[in-house]
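Sequence order for the protein chains is A and B.
Residue numbers for the first sequence, in my numbering: 1 to 266.
Residue numbers for the second sequence, in my numbering: 1 to 349.
Simulated from the structure, these hints should not be mistaken for laboratory data.
It cannot be assumed that every hint is accurate.
Stated by the list, open to error - For lysine-lysine, the following DSBU-like pairs were computed, each having C-alpha atoms within a straight-line distance of at most 30 Å:
#: 1; chain 1: A; residue 1: LYS149; chain 2: B; residue 2: LYS69
#: 2; chain 1: B; residue 1: LYS69; chain 2: A; residue 2: LYS4
#: 3; chain 1: B; residue 1: LYS194; chain 2: A; residue 2: LYS119
#: 4; chain 1: B; residue 1: LYS165; chain 2: A; residue 2: LYS119
#: 5; chain 1: B; residue 1: LYS69; chain 2: B; residue 2: LYS19
#: 6; chain 1: B; residue 1: LYS148; chain 2: B; residue 2: LYS165
As the list claims (entries may be wrong) - Covered stretches of chain B, as calculated for chain A (at least 3 residues, CB under 8 Å):
#: 7; region: 193-204
#: 8; region: 223-237
#: 9; region: 272-280
#: 10; region: 284-293
Fair warning: this is a prediction, and the values are worked out from it, not measured in the lab.
Backbone N, C-alpha and C fix where the C-beta goes; we use that ideal spot for every residue, glycine too.
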Amino acid sequence: MLGKTTSLNIRTPEGVAFEIPIASPFSRCLALAIDTAVIVALTIFLSQVMWALSVMTSSIPTLGRVVGDFGSGAMVVMQFLVATGYGMATEWLWSGRTVGKRMMRLRVIDERGLSLGLKQVVIRNLFRLLDMLPSMFYLLGGISCLLTKRCQRLGDIAAGTLVIRETETAPPSLEEFVRAERNSFAAMPHLEARLRQRTTPEEARLVLDAVTRRNELDPGARLELFGQLAAYFRERAEFPDEITIGLSDEQYVRNVAATLFHRASV
Amino acid sequence: MLPAAPSPILTGVILDVEKFIARERLFWDELAGLLRLQDNQPDRRPPLEEAQRFYYLYQRVSSDLVKLKTFAGEAETTRFLEGLVARAYSRLHEDCGERVPFRPWQWLTRAFPATFRRHWIAFALSCGTFWIGAAFGAAALKLNYESKTDFIPPQFSHLNEKPSKRVEREEKQDFDAFQGRHAFSAQLMTHNTKVTILTMVTGFLWGVFTLILLFYNGTLIGVVIYDYLVDGQGTFLAAWLLPHGSFELPAIFIGGQAGLVIARTMFGWGTNLRLRQRFARVRGDLLTLIGGAALLLVWAGIVESFLSQYHDPLFYPWKIGFGAVQLAALALFLSLCGRKPRPASTDLD
């Protein structure tokens, strides 16, 4: 894991900078396991179809021999095509996603953040034969993933691609967190205005992050974080005891968030 | 004493996130919908109005992202917008060169031979390594005939049999077109295609394994050729190998050629471009070479199953002639097809 980076930083020609999180080797392994299972299932299904066809025609002397022989040849070709073409077809048709990648919410993209080209899809899948060495263990690909900064296997380097984590989540509704009617500070608008004036954007960001992500925290860490934040804001704000008494640290910080984000304007 | 000047970051910069989300959500949802549509139908070309709207939405959401990052820094929504902008950005800025429609006939008759010629030194090196391997195999067998079994891999164990015995047995056998011929043909095609792809992709390891694979395969052929010639079975050998070998061996050489092109890209001789830029330059050539090699192998597999394995002495001259004509045609095709006509002379004298 030498100098690993967890995200791809892009600055568009319009001057907008954003980050795309890069997939971890573990999630890629899980996606690969799912894809392997799909390939095996497809191969078994096709071989059953060919077997059923040859059984149905076996009673007809000449046709039975032709279908039997042709079927076994077609099966060999189909196995090869499924194993080689599955990744190419799905990544091309589904814009960089296979079944496994869809399930793991991963996507292959160009390493500059652009859409995949057909050439890139074909090259990265042909190089899988090298990444799998020695004999299907994915040792070369795995080592390459661990050693490269952006977790790229050899096929990714040759094709100029990256596997990223998709972050298409619905924007959270902040109503619950910063609802004004539950904010006891609202009774003192002049003190609220002073609090807003004294709070820096960095502090406001910290408060909002703490409130919106509070359920992701361990109970102990949650108590400690809100305790520290409440203590900090109790010193900065001058709300009288009659409206702060009995407020838990967490409710105090939620009131601060509501004060900062509900009624402020740009 | 003058009061301290207020810090510019203290006032009026915090966004009302709730109101902001409520106002902009419609645009975000619209952009997400268009992206979903494009994901589901990648080949769809949107009408002009839709493309213009898409660009407007991309700019608007980008601007929202900048505002949110600067004035609020709310993590969840920022992540959502980053994902949206990233997807829209990749759609807007994709490489237009990829959208050129693929024309199979033009690719086969122009692009493939032209690409082959462009990298002729790599082909010569690939071919040369193979035949040096063949010479090595033949020389090794000449020095110690007992080592023949060491050279022949288990999957080709039938080649351990004395050639004259095999010829006698094969010439007595009746040819049955449906006795596992399709399966055999398919196995040959897929095996040879895998070997060719492997010869190409191992070029990534600075070409060392490409050269080793070519040399090893050459050694095997050298041993077989020497064995049959010494046993006086040259005509059988030519009639057996030439019909399919005239396509199969060039295909493997082309795989090696592609591998050596990759090796050269890895070394980066004569250029100061970065690795990714060097690969971007040769990617099309690699696919053209490997695609051409795969076509040759498909044909070679069919010929090997249905013609090469038909061992009737009366038919040998026809088989040898067929193989020789095929080889000559392939050589002419690769060296002449797809050449651009020279411009007419403008010399007025």
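Q) Is the Cα-Cα distance between LYS148 of chain B and LYS165 of chain B 30 Å or less? A) holds (16 Å)
**Q.** Restraint check for LYS69 of chain B with LYS4 of chain A, where alpha carbons must lie at most 30 Å apart
**A.** holds (25 Å)
Q | Proposed proximity, LYS69 of chain B with LYS149 of chain A (alpha carbon, max 30 Å) | A | holds (26 Å)
Q) Between LYS194 of chain B and LYS119 of chain A, is the straight-line Cα distance small enough, at 30 Å or below? A) holds (19 Å)
Q | Verdict on chain A covering the region 193-204 of chain B, where coverage means 3 or more residues with a C-beta closer than 8 Å | A | Result for this restraint: holds, n = 8.
Q) Given the hint that LYS69 of chain B pairs with LYS19 of chain B, does the C-alpha gap stay at or below 30 Å? A) Measuring from Cα to Cα gives roughly 16 Å; hence the hint holds.
Q.
Next pair to validate is LYS165 of chain B with LYS119 of chain A; report whether the Cα-Cα distance is within 30 Å.
A. violated (49 Å)
Q.
Using C-beta distances, would you say chain A covers the region 223-237 of chain B, given that this needs three or more residues below 8 Å?
A. violated (count 0)
Q: Given that the region 284-293 of chain B was listed as covered by chain A, double-check it with a C-beta distance under 8 Å for 3 or more residues.
A: Per the Cβ count (4), the hint holds.
(Q) Three residues or more, CB to CB closer than 8 Å: is that satisfied between the region 272-280 of chain B and chain A? (A) holds (count 4)
The structure does not agree with the numbered hints 4, 8 stated previously, though it agrees with the rest.
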